[in-house]
Structure formats: C-alpha cells, structure tokens
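First to last, the sequence lines map onto chains A and B. If you want my numbering, it's the position in the first sequence, counting the first as 1, plus 369. If you want my numbering, it's the position in the second sequence, counting the first as 1, plus 1.
Possibly wrong hints are sitting among the right ones.
Covered stretches of chain A, as calculated for chain B (at least 3 residues, CB under 8 Å) [stated by the list, open to error]:
#1 418-426
#2 434-448
Among the chain A residues that face chain B by a calculated CB cut under 7 Å, a handful are [claimed, not checked]:
#3 Thr456
#4 Arg457
#5 Leu474
For the record, the hints were derived by calculation from the structure and aren't laboratory data. Note that the Cβ used here is the ideal one computed from N, Cα and C, for glycine as well.
The primary structure of each chain is shown beneath.
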Amino acid sequence: MLELHDLHKAYFDPGRGVVRAVDGVDLQVPAGVTAVMGANGAGKTTLLRLVAGLLDPDRGQVRLGDLDAAKDGERWRQNLGYLAATTRLPPLATPRELLRFVGALHGWPSPETDARVAARVDQFGLGPFLDQRIATLSTGQTQRANLARTLLGDPTLLVLDEPTTGLDVLAAAQLVAAVQACRAPDRVLLYCTHVPAEAEAVADRLVLLRAGKVAWSGAVADLGRGADLAQAIAGLLAAGQEGP
Amino acid sequence: MIDLRSPVWTIFRKDGRELLRDRRALFINLLLPMLLYPVLLLFAVQVAQVTQVQPRQRPQLGLVGAPSTLRDRLEQAAQRTLPQLDGSPAVHAPLDATRALFEVRDLGADATQLGALAAELDWRSGDPKPGQAWKARVVASLRDRKLVQAVVMPAVSARTAPLLIVQDSAHGELFDVSGPVDRALARWRRDLVERELTRRGQPLALLDPIAVHTVGAATLAEAVRTHAAPMLPFVVLVLAVAAAMAPAVDLVAGERDRGTLEMLLSLPVRRRDLVIGKLLVVLASAVVAVVLNLLSLALTAGLLAGQLPALGSESPLAGILEVGLPALGLALVVLLPVVALVAAAGVALSGYAQSVKEAQMYLTPLMLVVTFTGLVAVVPHARPSLALDLIPVAGTLLALREALQSPSVPWLHLTVASLANAAAALVLVGWCAQMFDREAFRYPRLVRAGWGRFARFRRGEALPDGPEALLVFAVAVAGMTLGGGLLAEAPPWLLVTLPLVAFVALPALGHAWLGAYPLPALGVRWPGWAWLGAGVALAPVAVALSLGLGWLQAHLVDVHALEQAGAPVEKAVRALDDAGGIALQLLCLAVLPAVCEELLCRGTLLVGISRSLGRGWGVVLSALLFALLHQSPLRLAPQAMLGVVLAVMTLRSRSIAPAAVAHAGHNALLVVAHAQGWLPDG
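Let the sequences and hints guide you as you build the complete structure.
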C-alpha cells in the first residue's frame with residue numbers, strides 16, 4: 370500500500386509566480402494499477418516525481434510500508450521502477466549492456482543478472498535488437514527496453530509517467546500490453562496518461578487531479594466504459610474550471 | 002583491492018565505454034590535438050625560416066662632415082659603406098632614406114653648453130634660431146618621422162667633446178638604429194683613447210686592467226633542463242585541464258540535458274559512488290589526453306630538433322625530451338591530485354549549472370583561475386614553502402618545478418601539496434554528492450522561490466532571509482571600508498557619494514535582482530501622501546532626539562577619543578562642510594544617503610532579519626547595523642535610535658519612502674543647522 374499524506378509541493382515560476390503543483394494530496398493506493406489523469410499543469414508529473422523520490426515535498430509524506438520516499442533515498446530506489454516520457458537511455462549502449470548495468474548497480478551476481486535479463490528479454494520481446502545500440506532503435510523498441518529496465522529489479526513500486534508519449538499507435542498498443550504484463554500481487558503501479566482508453570486497459574483504479582488536488586478517485590469501472598468513461602473523466606476535470 | 006563490481010567501477014565502466022564509443026568526441030578531444038602539433042609547429046618553423054631569409058631592412062646611417070675614424074667605425078657597425086652627405090640643402094633627398102644622422106657642426110659658443118641646449122630645446126616643435134638651418138632640418142625630419150636619431154658633434158677638438166643625441170623615442174625602429182650607433186660610438190671612443198695613449202707612449206693594456214674568461218660548467222642538457230623545468234608542470238597542467246573540461250561537462254550537464262541522468266538517479270546507487278565514478282572517467286580521460294599530447298609534442302620536437310638544431314636546443318619542447326621519461330612520470334603522478342581537484346571542480350560546476358551551455362560558461366573562469374594559479378611555477382626565484390604547499394594547484398606546481406630543477410627531490414613539499422590538493426578534491430566530491438541528492442540538481446529548471454537562478458538549492462518564499470541580508474550588509478561594509486581607503490585622496494563629494502551608490506544601493510538592488518524578489522516586497526512602493534507627510538513631520542523630532550542623545554553621549558563618554566576613531570568618510574563629511582555649497586551638501590549628505598541607506602537598511606536588512614527572527618529583532622538588528630554602517634563611534638547611539646524609529650515607520654507604512662523622507666529631512670536639518678553655526682563642534 371502506497372500512502373500519500375497531506376502532500377504539498379510548490380515552485381516559483383518567473384512568469385506565473387508561486388505555483389502549487391501538488392496541494393494537499395491524501396491518497397491510499399493499494400496494490401494493482403492506478404491510473405493518474407488530469408489536464409496539463411494539474412500536477413500529475415510533480416506528484417509522480419514526489420512518489421519516485423526525485424522531488425522533495427514541501428510538506429507531507431510518501432510512504433510505502435516502513436519506507437519514506439524523502440528520507441530513505443537508496444532503499445526507496447531499491448524498490449522503485451521509474452519511467453517517464455522524459456527518461457532517455459544512453460544512446461551508445463545496447464539494451465543488454467543497459468540491463469546488466471542496472472543489475473550491477475543492484476549488486477546482483479552476474480548469473481542472477483543474466484537470468485533476470487533473459488526473463489525480461491522474453492517478456493518484452495527485446496531479443497531481435499538486444500545487442501544493437503539504443504541510438505539505432507525505434508522509439509517503441511527503446512521504450513520497451515526502458516520498461517524492461519524499470520522492471521528488472523521486480524520493484525514493489527512502479528511509476529510510469531506517460532510512457533506512450535511519442536509512440537505510434539502500434540507501438541503504444543504493444544507498450545500498453547507490456548504494462549498489463551507488469552502486474553504482480555504486491556506491486557503498486559502508478560500509470561499517468563492522457564488517454565482514457567489506456568487507463569481503461571491497464572488500470573483498476575483512477576485518480577483525477579485538478580490544480581494540484583485530488584478531484585476524484587475510485588474504481589475505473591465506476592465511471593463507465595469506453596466513450597462513457599472518457600466523457601465522465603472530461604466532465605470531472607472540467608467541473609472545477611468553470612468557477613463559482 | 003579494487004572491487005570491479007562495485008557501483009563506482011560499474012559507473013566508471015559504463016561512462017568510460019560511452020566516452021570511447023563517441024568517436025567524434027574522441028577524435029576532436031584526443032586525436033585532433035595530436036595531429037595539430039606537428040602541423041602547427043611545422044608552420045611556426047616555416048614562418049621562422051622565411052623571416053630569417055628576409056632579414057629586416059638595416060637602417061641607413063647618414064654622415065655630415067664626420068671624421069674618417071668615426072666613419073670607419075660606423076661602417077663596421079652598419080656593415081656597409083655609408084653615404085657622405087654634404088650638409089647642403091640638397092641633402093634632403095638622401096636624407097629620406099636615412100634613419101640616423103651624424104652631423105659634425107661648428108656650434109661655436111653653443112658647443113660648451115650642449116647639455117643646456119639639449120635641455121632647453123623642444124626638438125619636436127622647436128623653432129630654431131636663425132643661422133641654424135641644420136637644426137631646422139633635423140627637427141623637421143624627426144617631426145615627419147623620417148629620422149629616428151640625430152647625433153650632433155661639435156667640430157671643435159675639445160678633449161671631452163659634448164655629444165648631442167636627439168631621437169624619436171616613440172619610433173618603432175629606434176632599437177634597430179640605436180644599437181649599431183651605440184656600438185660604433187663605443188668603438189670610436191676607444192679609438193680616441195688608444196690614439197691618445199699611443200701619443201703619450203702609454204701601454205694600451207691600461208684600457209683592459211682585468212681580463213674575464215667565462216667557462217660554462219653545466220652540460221647543455223642540464224642548462225636546458227633548468228630552463229625547461231618550469232614549463233613542464235605548467236604545460237602538463239594546462240593540457241590536463243583542457244582535456245578534463247569536455248567530459249566533465251558531458252558526463253553531468255550533458256547527461257542531464259539528454260535525459261539519461263533521470264534514469265541513473267532513479268536507480269539504487271549512492272550519490273557519492275555516482276560522483277566518484279564519473280570523476281574517475283574525467284580523470285582517466287585527462288591523463289590519457291596528457292600522455293598522448295606530450296607524446297605527440299615530444300615526437301614533433303624530436304623531428305624538428307633533427308632538422309633544426311638551433312630551434313631544438315632553445316625550445317621548451319626539447320626540454321621535455323631532455324628532462325626525460327622518469328621526470329615526466331613523476332610529473333604525471335604528482336599532478337594527479339591536482340588534476341583530480343580540477344576535474345572535481347569541473348564536475349561540481351557542471352552539476353551546478355542548469356544546462357550544458359551554462360556549464361561551459363562556468364568552466365572558462367575555472368580554467369582561467371587554474372591557469373593563473375599554475376603560473377606560479379614559472380615565476381623566477383619562487384621556492385616551495387609549507388604555506389604555499391597548502392594552496393591548491395600552486396603548491397604542487399612549485400614543488401614539482403623544484404623536483405625537476407634541483408638534484409634532490411623535495412618529498413616533504415610534494416607530499417604536503419599533494420595531500421592538500423587531494424583533501425580539496427575530496428571536499429568537492431562530498432559537496433557534489435550532496436548536490437546530486439538535491440532536487441534542484443535533478444530538475445534545475447524547477448526554480449525555487451528566493452535566490453532563483455543562483456540559489457536554487459534552497460527552499461523559501463520570494464523574500465530574502467536573514468543570512469542573505471547579512472551577506473549584503475557585509476558586502477556594503479567591506480565596500481565602504483575599502484572604498485573609503487581607496488578614495489582618500491578623492492574630492493570630498495566623491496568620497497561621500499560613490500561608496501553610498503556603489504556599496505550600499507547597488508548591493509541592495511543587485512541582491513533583489515539576483516533573487517528575483519519583487520521590489521514592492523522590499524518596501525519600494527508608494528506609501529500614500531499621508532505617510533509621506535508623517536515622514537516630513539518626523540524629521541524635526543528625529544533631529545531633537547539625535548541631538549539629545551548626542552548631548553547625553555558627550556557627557557557619558559570621551560567624545561574626543563571617539564572622534565579620533567572616525568572613519569575616512571566622517572572626515573570627508575567635515576571636508577564637505579567646509580568646501581561645498583549648501584546645495585551640494587544637501588544632495589551628498591541628506592538626499593543620497595537617505596535613499597541608498599533606506600534601500601539597504603529598511604529594505605533588505607529589515608525584511609530579511611524580520612523574516613528569519615521576527616519583526617522585533619528585525620527592527621533592533623537593522624537599526625544597530627544601520628548605525629554600524631556609518632562606522633562612526635561618535636554617531637552610534639543617535640543613528641541606532643534613528644534606525645529604530647525609521648524601521649517602525651517602514652513596517653507600519655509597508656514602504657521605505659516615508660523613512661527615506663524622514664531620514665533626508667533629519668540629515669538636511671542637521672546640515673543647515675551646522676552651516677548656520679547653530680550646532681556645537683563635534
């Protein structure tokens with residue numbers, strides 16, 4: 370169970386002044402896949418970076434069991450898989466070298482790393498391009514290698530921030546399928562997306578953010594399916610913008 | 002034992018592999034310089050050869066009525082036959098090509114006073130007397146820059162003939178001309194003495210009472226080593242620094258710009274290991290670059306030395322060959338901590354920067370600092386000392402030069418200097434590790450409030466805090482003190498106004514600009530007419546309080562002693578009292594101090610201290626610092642009291658304008674009272 374207590378994060382934007390990107394978020398996120406949605410600037414990426422421990426909260430806590438994201442840096446990252454649209458892979462390395470590098474940083478012996486790499490290679494179909502330099506791979510192939518990288522350590526907490534950004538329809542569908550395969554009994558998976566269909570495909574639960582606050586949270590199924598879901602989400606996100 | 006599976010080595014292998022695979026960067030950073038040395042040195046040699054083939058045009062010397070003995074010596078010095086000019090007006094044509102003119106003239110009575118004549122005459126613009134046409138000609142030629150030097154000798158055969166040399170000291174050919182002339186005159190002087198000795202039947206040996214023979218005991222190699230040794234450590238340092246900069250920028254700021262650092266930072270690796278791993282890559286690439294560069298330099302120098310022995314023996318490159326591989330090895334080992342320090346500084350700055358572009362901007366001053374610190378190694382007569390050893394870069398380079406020059410290696414200095422550099426490098430590594438763990442490093446464009454782009458690693462709202470405000474105050478005090486000392490000889494009005502503007506107002510405004518603090522938050526806002534009126538009304542009350550406190554102080558402490566301790570500014574205020582008109586006094590002593598000091602004391606200081614310690618302390622401390630700023634023990638108590646009143650007024654009105662008006666009014670009333678003689682001295 371991932372717990373977010375009274376989480377605040379503000380920053381200073383020279384154009385807009387103080388921006389309260391995350392403004393008092395309280396959430397209990399159970400194991401399973403939770404989609405995070407919101408308009409641009411709603412605070413999704415800031416929230417996910419706080420959860421990953423890459424940003425320090427101004428106030429509040431992010432806890433996973435007895436670990437605190439802000440205080441237990443290295444131990445937190447032992448249990449973390451983080452992938453954002455902005456996360457790039459070293460272009461001159463091959464996927465195999467990258468995965469072995471991650472294994473070495475986890476401190477696993479070589480045979481264990483190799484076994485884990487082999488498992489992920491099969492799971493995400495990396496075989497055909499395993500020894501090609503990442504610079505020569507397509508965006509979809511790179512993102513699959515990136516997903517394999519985040520899953521190599523079997524993390525309890527998996528944070529995926531718009532991983533399908535920039536992918537074509539086919540590659541996006543393959544990646545969504547791969548994310549569905551990332552489910553594990555004790556794993557908390559936060560999946561940020563702008564596409565309701567993706568949320569419907571991968572997530573059990575949905576959190577809607579509006580101006581740094583939680584606008585709605587609950588089971589995806591509660592909002593309906595297909596076009597109904599998209600409409601319900603749009604309605605909830607637009608509700609706060611109309612003003613009194 | 003090095004654990005090759007440790008995170009440090011894992012990072013090292015990964016980053017090193019990427020560096021090696023980046024062929025273009027590899028070629029530009031490592032191979033291209035190696036290829037450039039032979040090309041550039043060959044070019045330099047070609048230029049030198051061409052210059053030798055076409056020696057500079059030797060200067061023409063012209064003679065007018067010179068004796069044949071002088072003529073012989075001049076011809077020897079000039080290595081050619083000289084034209085004999087006849088001194089008539091027709092001499093103008095050949096004079097055009099003449100750079101030095103010897104004129105033997107019957108100067109008549111002037112001859113004995115030639116020195117006085119020289120001192121009196123303005124040869125550049127002088128108007129010669131009638132009958133001295135030669136002088137007009139010389140003056141005109143000098144003025145037109147045709148003639149460089151004119152040597153005028155009296156025709157009379159006095160024992161000691163006064164000799165007048167008029168020369169264009171600003172002429173570019175002066176040394177080409179004066180050299181042969183000086184040599185010729187020296188030989189001629191000796192000729193004259195020899196002739197006189199012969200005439201008197203004295204031995205010529207009288208001219209050379211001592212005979213000096215110099216024998217060089219050092220081998221050429223030793224001499225070259227002595228002269229080349231200062232260069233070697235410096236060359237190695239410059240090469241290493243240049244080689245370390247590109248990877249330092251690329252492995253931190255470059256990775257962040259490319260988006261690959263986010264992946265690395267989300268992995269379970271300690272920040273310290275990350276820093277050390279990257280640092281080792283930078284270090285390794287610097288060492289490899291230095292070795293390859295020196296190898297290329299040595300090979301090129303060897304090649305050229307074979308072709309051009311003269312160049313080879315004088316060149317520092319040949320010195321590198323002469324010093325030999327063991328010395329080079331020592332240099333590399335000893336310089337390793339220095340390069341580590343520079344690499345760590347490069348990594349630190351690269352991490353601190355927001356982008357690769359900004360990192361490159363930071364690295365230029367870093368290179369300048371390192372290079373200039375390293376120049377200590379080429380300062381003549383500089384010797385290592387324990388105090389110098391502790392200075393990063395400089396200590397090691399000096400000790401290394403000593404090691405290369407003298408027969409015994411100064412192990413103590415080498416060790417202490419290396420430890421000092423290693424310690425400094427470790428401190429930087431620690432700082433980098435802390436920085437790598439901060440969000441501002443991971444997302445540098447996420448600007449926290451406060452000191453915005455420069456103090457991104459701090460939390461806070463868009464207002465300064467106490468330490469910042471105190472820093473600005475320290476800058477002001479240091480500036481006022483130094484400025485007062487430097488401007489001691491300046492006019493009083495400048496001594497009063499310049500420090501105020503430069504060290505009080507500008508630091509306050511600069512601090513607000515750097516921190517992106519809104520000026521209204523610092524009290525620069527319109528307070529309304531009522532508050533301005535209150536400021537005006539406060540002025541006479543403040544004067545009464547000031548005078549009262551001054552009177553009380555005069556009875557409690559030795560005012561005269563306090564006056565003696567007054568700062569230079571205080572003295573200038575008094576000088577201004579005496580020298581300036583009332584308008585200047587009001588501007589320099591009332592208006593300007595009010596505006597500048599209110600910006601600092603009721604703007605930056607009051608806001609900053611209030612934010613950190615609360616309003617009460619803000620009022621008290623800002624008032625005390627305001628009093629201390631004046632550096633006048635005599636006015637300490639009245640100023641502190643005034644500071645309290647003005648601070649309260651600023652907090653109430655939320656503007657520094659009423660305080661500025663009251664401050665200016667207070668000062669103006671005192672100035673007027675003083676000018677009218679209503680105030681007692683002191």
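A quick look at each hint next to the structure:
1. Chain B is given as covering the stretch 418-426 of chain A, and this holds because 5 residues of the stretch bring a CB closer than 8 Å to a CB of that chain, at least three being needed.
2. Figure legend: the stretch 434-448 of chain A, annotated as covered by chain B; annotation consistent (5 residues with Cβ-Cβ distances under 8 Å, at least 3 required).
3. Because the closest C-beta pair between Thr456/A and chain B is about 5 Å apart, less than 7 Å, the hint holds.
4. Annotation: interface hint on Arg457/A holds; nearest CB of chain B at approximately 3 Å, less than 7 Å.
5. Taking 7 Å as the C-beta contact cut-off toward chain B, the hint placing Leu474/A at the interface holds, the least distance being around 5 Å.
Comparing the model with each numbered hint stated earlier shows that all of them hold.
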